[in-house]
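Visitor: On the provided structure of chain Y, position chain F as indicated by the hints.
Those protein sequences? They're chains Y and F, same order as listed. Note that my numbering gives residue 200 to position 200 of the first sequence, counting from 1, and the numbers run on in steps of one. Note that my numbering gives residue 289 to position 289 of the second sequence, counting from 1, and the numbers run on in steps of one.
I should point out that these hints are in silico values taken from the structure, not numbers from a laboratory. Computed from a prediction, not measured in an experiment: that's the story for all the values here. It is possible that part of the hints are untrue.
[Unchecked claim] List time: in silico DSBU-like cross-link candidates among lysine-lysine, alpha-carbon distance up to 35 Å:
{"id": "1", "chain 1": "Y", "residue 1": "294", "chain 2": "F", "residue 2": "376"}
{"id": "2", "chain 1": "F", "residue 1": "67", "chain 2": "F", "residue 2": "34"}
{"id": "3", "chain 1": "F", "residue 1": "215", "chain 2": "F", "residue 2": "168"}
{"id": "4", "chain 1": "F", "residue 1": "67", "chain 2": "F", "residue 2": "376"}
{"id": "5", "chain 1": "F", "residue 1": "67", "chain 2": "F", "residue 2": "381"}
{"id": "6", "chain 1": "F", "residue 1": "168", "chain 2": "Y", "residue 2": "294"}
{"id": "7", "chain 1": "F", "residue 1": "170", "chain 2": "Y", "residue 2": "173"}
{"id": "8", "chain 1": "F", "residue 1": "381", "chain 2": "F", "residue 2": "34"}
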Amino acid sequence: MAEIFQQLINALLLGCTYTLIAIGFNLFFGALNVVHFSHGDVCILGAFMTLILYGLAKLLGLVTFLPGFVFVPLLILTAMILTGLIGTFFERVVIRPFRYAPLLMVLVATVALGMVVRETVRLSFPHGSNPQIFPRILPQTSFQLGGVLIRLDSLIIFGTTIFLISMMFLFIKRTRIGAAIRAVSQDTEAAAMMGINIDRTVAVTFLIGSALGAIAGILIGAYNNIIRFDMGLMGGVKGFSAAVVGGLGNVYGAIIGGLILGFVETFAAAFIPGGTPYTDVFAFLVVIFFLIFKPSGILGEKVYEKV
Amino acid sequence: MLPRTIGRAVILLAVEAFFFILFAAFMKTYETGKVIAFLLFFIGLGVMFKEWEKARLALTGLFKEMKILAGAGFVAMLLTLPFIFQSSPYLIHICVMAGLFAILALGLNFQLGSTNVVNFATAASYGIGAYASALLAVHFHISFWLGLLVGGSLASLFGLLLGIPCMKTKDYYLSLVTIAFGLIIYILLNNFSWTGGPNGIPNIPPPSLFGHSFKEPLSLFGYQLPFQSNYYYLIFLLVGGSLVVAHRLHHSRVGLTWNAIREDEIAARCHGIDVTWYKILAFCIDAFFGGVAGTVYSHYIGFISPENFAFIVSVVVVTMVILGGMDNVFGVIIGAILLTILPEKFRAFEDFRVLIYGLIVVTMLMFRPQGLFPQKMRIYKKES
Chain Y
1 MAEIFQQLIN ALLLGCTYTL IAIGFNLFFG ALNVVHFSHG DVCILGAFMT LILYGLAKLL
61 GLVTFLPGFV FVPLLILTAM ILTGLIGTFF ERVVIRPFRY APLLMVLVAT VALGMVVRET
121 VRLSFPHGSN PQIFPRILPQ TSFQLGGVLI RLDSLIIFGT TIFLISMMFL FIKRTRIGAA
181 IRAVSQDTEA AAMMGINIDR TVAVTFLIGS ALGAIAGILI GAYNNIIRFD MGLMGGVKGF
241 SAAVVGGLGN VYGAIIGGLI LGFVETFAAA FIPGGTPYTD VFAFLVVIFF LIFKPSGILG
301 EKVYEKV
Chain F
1 MLPRTIGRAV ILLAVEAFFF ILFAAFMKTY ETGKVIAFLL FFIGLGVMFK EWEKARLALT
61 GLFKEMKILA GAGFVAMLLT LPFIFQSSPY LIHICVMAGL FAILALGLNF QLGSTNVVNF
121 ATAASYGIGA YASALLAVHF HISFWLGLLV GGSLASLFGL LLGIPCMKTK DYYLSLVTIA
181 FGLIIYILLN NFSWTGGPNG IPNIPPPSLF GHSFKEPLSL FGYQLPFQSN YYYLIFLLVG
241 GSLVVAHRLH HSRVGLTWNA IREDEIAARC HGIDVTWYKI LAFCIDAFFG GVAGTVYSHY
301 IGFISPENFA FIVSVVVVTM VILGGMDNVF GVIIGAILLT ILPEKFRAFE DFRVLIYGLI
361 VVTMLMFRPQ GLFPQKMRIY KKES
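Just chain Y, same shape as in the assembly:
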């Protein structure tokens, strides 16, 4: 029983990471009808940004100067904002020129962009091909609860994710910009006619999506204690898979999709004998299964092709 609970916690954590990445995919798809294939790399970029900022702070002596509960949120917030700005920059430079071009163009362009991001990260770190040690920014203590070992950092990760996701929902539901984002995702042309600045709304969408993605990257780093330049490829494909399973374009779907993927992976690794190396295979098989039998995802609307 304890074993199952232990795996449940792992699955939830993994699900959180995928959800955070998938939310980005859904936001972008809603706003622009675009799948940003390099989003996973942007997310990992968030982790590398944290690494760099941490190094800088260490040089400046901020690590010892500020107490941990002030320093760590500050660090993460800065990394989030920077990653968000990078995401917006990518939208401006690589995605916007293809707004009226065939789908294929932006698809291949973003895949190539992901490659550029990965390689830039690899080349700008000494021994970039090797895993980099992620700073231990979260407390490392753990406690026992009914035979289940709970790491304190997992709890913090979980809490942060829930907090951020609910903040994002509030933002989208309650603010003017949030209303604009929803309007653009419903009908871009009608929104433009109502006087909504499309370019600015899209930019905000990318800012939010990339910033949330940065959190996902940091979570991966903090949980595994290492990050590697090419984690973004798998992260992006998994995040996109989660978005598809939940229903592409539906932000709530991201949560369901992320959790499903997290559970499939964790339980495949734990309960299928010899299944550990094949967890990704199981995850992808689930996704392909969904694509065949329910291509619109769990919460997605069925889209009819118009002639």
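Guide: The following block gives chain F in isolation, referenced to the frame of chain Y:
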């Protein structure tokens, strides 16, 4: 009339020989500075060709008039390449690799170029072909020639397998399926024990023909050519074959149907085209080409590991098709040759190779989405 024809033929062959010598000289330069000078010269030639209309019309007219002679001269010159590079097997190796990638790119062109179906699983079919024939050769001593067929067919079968879920999906979803498929194959190759895991398969026997092993130097007309030449001629034949197949397919009903699907799938369906069947056909043919290339690769290098078939290989092949020009058979081959040779010439920047591939794709898509050699308009001769 006759002297004039002979004169024109001589001019044509001289032009071809000039370019061929340029190419050979370019291959033989190793210093980065000289390579850059050569490249600038080539770019200058290209720009001149584009701007100087009179010369361009004259040249294209000349080549159109004597198509057969031009082709024959070109083939003859390519056949002498191993003699020219006799002392440097490395250069022949580059040519073999360029040929392999040309086959891969030609295969992908059926999908990406003709049908507008994105496929990021080229590396998977390449790998399946390579592993299938390598395993057969190592464990069952099955000859390379049979392996070529088996590798291609097996890859084709996997193409079919991949094609079926893909038919349910479009655009982004489809590329997700192909990426996932490529990653699955990579993970499986890495973890199965019978594929050797991350260590791969060593000691794959070289092919032999009429008792002549491809690992031995080739002696032709009293010249001793390095063993790579065997593969060079093999690849030359295979690329030639693929070229003929691709060209014929492009000009056949099938190619026309693929183009129709690319332009408008719904309209194609309304005209009674079985879209599913033709898309799956594109998948299978692409995979067959990939499998054949993989088989040759595994027997040529003699050692394969999953790293040779990673996601990046698929992206590189996509880059070749886009750079060369989608749906232009010759353009695609030139794209493959360029992207194989240039990185070898810029060994000093080896680390930046992948980065540069990515940058090429993004800039090409932005500024010249039709590629270096845009696809030609289909022209049908008037019946008269």
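Visitor: Quick one, are residue 67 (chain F) and residue 34 (chain F) close enough, alpha carbons at most 35 Å?
Guide: Given pair residue 67 (chain F), residue 34 (chain F) holds - Cα atoms ~34 Å apart, limit 35 Å.
Visitor: Holds or violated: residue 381 (chain F) and residue 34 (chain F), Cα atoms, limit 35 Å.
Guide: Given pair residue 381 (chain F), residue 34 (chain F) is violated - Cα atoms ~46 Å apart, limit 35 Å.
Visitor: Run the distance test for residue 215 (chain F) versus residue 168 (chain F): straight-line Cα separation, threshold 35 Å.
Guide: violated (46 Å)
Visitor: Between residue 294 (chain Y) and residue 376 (chain F), is the straight-line Cα distance small enough, at 35 Å or below?
Guide: Between residue 294 (chain Y) and residue 376 (chain F) the Cα gap is close to 39 Å, so the pair fails against 35 Å, i.e. violated.
Visitor: Does residue 170 (chain F) pair with residue 173 (chain Y) here, judged by a C-alpha cut-off of 35 Å?
Guide: holds (31 Å)
Visitor: So if I understand the rule, the pair passes when the alpha-carbon distance is 35 Å or less; does residue 67 (chain F) with residue 381 (chain F) pass?
Guide: Cα-Cα ~17 Å, so holds.
Visitor: Given the hinted pair residue 168 (chain F) and residue 294 (chain Y), is their alpha-carbon gap at most 35 Å?
Guide: Distance ~10 Å between residue 168 (chain F) and residue 294 (chain Y) Cα, so the pair holds.
Visitor: Sort out whether residue 376 (chain F) lies within 35 Å of residue 67 (chain F), counting only the CA atoms.
Guide: Holds, at about 17 Å.
When each numbered hint is compared with the structure, violations occur for hints 1, 3, 8.
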